[in-house]
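Asker: Protein chains in written order, with my numbering: chain A, 5 to 289; chain B, 1133 to 1349; chain C, 1133 to 1349.
Each hint should be verified, as a subset may be incorrect.
Simulated crosslink set (DSS-like; lysine-lysine; CA at most 27 Å straight-line) [claimed, not checked]:
#	chain 1	residue 1	chain 2	residue 2
1	C	Lys-1173	B	Lys-1173
2	A	Lys-179	A	Lys-197
3	A	Lys-183	C	Lys-1268
4	A	Lys-179	B	Lys-1268
5	C	Lys-1199	A	Lys-183
6	C	Lys-1173	A	Lys-179
7	B	Lys-1199	B	Lys-1173
8	A	Lys-179	C	Lys-1268
9	A	Lys-197	A	Lys-249
10	C	Lys-1268	B	Lys-1199
11	B	Lys-1199	B	Lys-1268
12	A	Lys-197	C	Lys-1173
13	C	Lys-1217	C	Lys-1173
14	C	Lys-1199	C	Lys-1173
Derived from the structure by calculation, the hints contain no laboratory data.
Please read these numbers as outputs of a predicted model, since none were measured by experiment.
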Amino acid sequence: MSDNSELSFMLTGEAAGAREPTAEMPEAWPADEVATQGAKAGDEALYLELDGWEGPLDLLLDLARRQKVDLRSISILALVDQYLSYIERAQDLRLELAADYLVMAAWLAYLKSAMLLPKDEQEDPSPEELALRLQLRLQRLGAMREAAARLMGRDRIGRDIFVRGAPEGLRTDRKTIWKSDTYSIIQAYGQVKARTAPRIYHVSDRPVMTLDSALDRVSAMLGVTLEWMEIRDFLPRHAEPELRKSALASSFVAALELARLGRAEIAQEAAFSPLRIRRLKEGAA
Amino acid sequence: MSEDTQSAPDDIERGIEATLFASEEPLGVDAIAAHLGGLEKGLVRDALIALQSVYAARGVHLVERGKRWHFETAPDLAHLLRREKEQVRRLSRAATEVLAIVAYHEPVSRAEIESIRGVQTSAGTLDVLMEAGWIKLAGRREVPGRPVIYTTTPEFLDHFGLTSRRDLPGMDELRAAGLLDPVDEAFEDLIGNSDCEAASEGTDNTSEMTDDADATG
Amino acid sequence: MSEDTQSAPDDIERGIEATLFASEEPLGVDAIAAHLGGLEKGLVRDALIALQSVYAARGVHLVERGKRWHFETAPDLAHLLRREKEQVRRLSRAATEVLAIVAYHEPVSRAEIESIRGVQTSAGTLDVLMEAGWIKLAGRREVPGRPVIYTTTPEFLDHFGLTSRRDLPGMDELRAAGLLDPVDEAFEDLIGNSDCEAASEGTDNTSEMTDDADATG
Chain A
5 MSDNSELSFM LTGEAAGARE PTAEMPEAWP ADEVATQGAK AGDEALYLEL DGWEGPLDLL
65 LDLARRQKVD LRSISILALV DQYLSYIERA QDLRLELAAD YLVMAAWLAY LKSAMLLPKD
125 EQEDPSPEEL ALRLQLRLQR LGAMREAAAR LMGRDRIGRD IFVRGAPEGL RTDRKTIWKS
185 DTYSIIQAYG QVKARTAPRI YHVSDRPVMT LDSALDRVSA MLGVTLEWME IRDFLPRHAE
245 PELRKSALAS SFVAALELAR LGRAEIAQEA AFSPLRIRRL KEGAA
Chain B
1133 MSEDTQSAPD DIERGIEATL FASEEPLGVD AIAAHLGGLE KGLVRDALIA LQSVYAARGV
1193 HLVERGKRWH FETAPDLAHL LRREKEQVRR LSRAATEVLA IVAYHEPVSR AEIESIRGVQ
1253 TSAGTLDVLM EAGWIKLAGR REVPGRPVIY TTTPEFLDHF GLTSRRDLPG MDELRAAGLL
1313 DPVDEAFEDL IGNSDCEAAS EGTDNTSEMT DDADATG
Chain C
1133 MSEDTQSAPD DIERGIEATL FASEEPLGVD AIAAHLGGLE KGLVRDALIA LQSVYAARGV
1193 HLVERGKRWH FETAPDLAHL LRREKEQVRR LSRAATEVLA IVAYHEPVSR AEIESIRGVQ
1253 TSAGTLDVLM EAGWIKLAGR REVPGRPVIY TTTPEFLDHF GLTSRRDLPG MDELRAAGLL
1313 DPVDEAFEDL IGNSDCEAAS EGTDNTSEMT DDADATG
């Protein structure tokens, strides 16, 4: 938050003295170093490093601690005064302050004025409630800060306590047991043999009637008579079934073609009833 | 098992002893039982307790940390063993505080951490703690915004020599004093009325801990 | 502790115990003495001997190797450090085919196997069969290129319950059993499975199946 590290300045005449080191921190926090130097410099001068505070609440907690009483019995009014005077001095020195320090200052100024008002003129929420909330927050932050210090002060692995320096390590080797059976082998061999055996392919010569020959045949037969003829009459008699099938298909297509050319007409009484064809006389259509 | 280390330890004890000595990391009862060929867990637990008392007087102790067991040097010998080059990660003050807040309040969201510290938490701070293996993401809280929540890890307990979170220094006192309860809750307890919610609104910095009151887990 | 020569042997023992435990390498008497603040070497030696007997019956022993001391797992428990976990897997179709070809044609080279199968055979397939202990390298064939040849092993006969390779049904029997019929189904299986191998070349659908990908199949 307050990461403007150039915010290091000196305040004089601060009777409250230097900032106390926060609890008994075993760790050296770089952020605290400037404040510690301030303490060495004496009570007259205080180096205030805003970067040393983790936000306004942190600064407030620090100020509250200087009252040297339990956080439950701090004087909020005194605390507010201290905070405001810090901020004022900082502003006198024309230091840029992080916005949240100023927001906190404004809020505390409001709180202070509310607390100074006679009780019956107090607005809701009452300043006592607001002050109590602030106090509760400071207590919680203070509690966590102490807890952190106690945690860090514990015997720690790698510093005070050591685990085995050269453990052999536990290893679990996965061993695969392969499983198969005789039938699988025989079957696989059969499949290999079957797959790779030479194969002979036969291409059978199937009897067909091409469209061209059907066309010739149908138009030739239509030339004989003007009567209706059923399509099966056009098929070669005595032909084997496969050829008849092919002839039927080709003859039907030939009939359609002749109808399209205006040389024949096609009729059918109903679905699946015999298909009949007859020649159209020239110019009759 | 008597305290007499000369008395012959049984096979289970010896097996556990060897396994934990050789292991590169702490092992839970399940892992030990599995490693010893599916030993009954009750037997493993009994043997661990027996071993613990065998080692209690020695220079090496058998300890339980977050349900996992390992051997470590006795704390009173720290002065002999402390290494010159620090192997322990140095934490920034922000990181220490965040770690403490996660440990004492877990599971806890970032907003809850920030509300206690009164300052925003840089992403780097949580990263450092996660990289150290001391805190971890532990899902999301099922409240609007579904914030990510954090908890500590078994490695955290291990590093700081804690058997469980109940061992956290001052945990009982903090809890008894209500210092782990959110401000709103503590406030209502003190005031004894419920219309105080309005008080925290709009004013700003003293604003409440986030919506969920169960931060103490 | 250190200079205090009055200190009970137990304290020295404890210090040595912790030091050796935490050390990354075995330590000589001198190093231990120095580490414990210049202890008299005789005391260190005595304590080491005492410690050694304390640990003699335990799962961990204190041993001296080349004048340096360290803790190690008791020799009779060494098997705990490396456990074997057995896992039964079914041979892949590719491996089964190769095994069958070796069994029917041995001794046989890889090129011959491939020519019989009509597809390339990955080295992994032969490895699996050797790992299973069913085929072995049986020298080289004295032809150009001196290819390695494979034969089946006694374990192969054992596992498959065969007295000798002659127990395998001959071609006539295979045919009678319908095993030589072109098996569309089997062929399709092969095609269906083969796309697990990126390396299937060109249009050859019957290309090798990977053993690793498909071994359980």
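Asker: Lys-1268 (chain C) and Lys-1199 (chain B): Cα distance at most 27 Å?
Answerer: violated, 49 Å
Asker: CA of Lys-197 (chain A) to CA of Lys-249 (chain A), is that 27 Å or under?
Answerer: violated, 40 Å
Asker: Given the hinted pair Lys-1217 (chain C) and Lys-1173 (chain C), is their Cα-Cα distance within 27 Å?
Answerer: Violated: Lys-1217 (chain C) and Lys-1173 (chain C) sit about 46 Å apart, past 27 Å.
Asker: Need the status of pair Lys-1199 (chain B), Lys-1173 (chain B): alpha-carbon distance at most 27 Å?
Answerer: holds, 13 Å
Asker: Holds or violated: Lys-197 (chain A) and Lys-1173 (chain C), Cα atoms, limit 27 Å.
Answerer: violated, 79 Å
Asker: For Lys-1199 (chain C) and Lys-183 (chain A), compute the direct alpha-carbon distance and say whether it is at most 27 Å.
Answerer: Distance of about 50 Å is beyond 27 Å: violated.
Asker: Are the Cα atoms of Lys-179 (chain A) and Lys-1268 (chain B) separated by 27 Å or less?
Answerer: Measuring from Cα to Cα gives roughly 35 Å; hence the hint is violated.
Asker: Is the Cα-Cα distance between Lys-179 (chain A) and Lys-1268 (chain C) 27 Å or less?
Answerer: holds, 19 Å
Asker: Can you confirm whether the C-alpha distance between Lys-1199 (chain C) and Lys-1173 (chain C) stays at or below 27 Å?
Answerer: With a Cα-Cα distance of about 13 Å, the restraint between Lys-1199 (chain C) and Lys-1173 (chain C) holds, given a limit of 27 Å.
Asker: Is it true that the CA of Lys-1173 (chain C) sits at most 27 Å from the CA of Lys-179 (chain A)?
Answerer: Roughly 48 Å separates the two Cα atoms, so the pair is violated.
Asker: Does the structure keep Lys-179 (chain A) and Lys-197 (chain A) at a Cα separation of 27 Å or less?
Answerer: Violated - the C-alpha atoms of Lys-197 (chain A) and Lys-179 (chain A) are around 33 Å apart, more than 27 Å.
Asker: Regarding the pair Lys-1199 (chain B) and Lys-1268 (chain B), is the alpha-carbon distance no greater than 27 Å?
Answerer: Distance of about 17 Å is within 27 Å: holds.
In the structure shown, a violation is registered for the earlier hints numbered 1, 2, 4, 5, 6, 9, 10, 12, 13, in ascending order.
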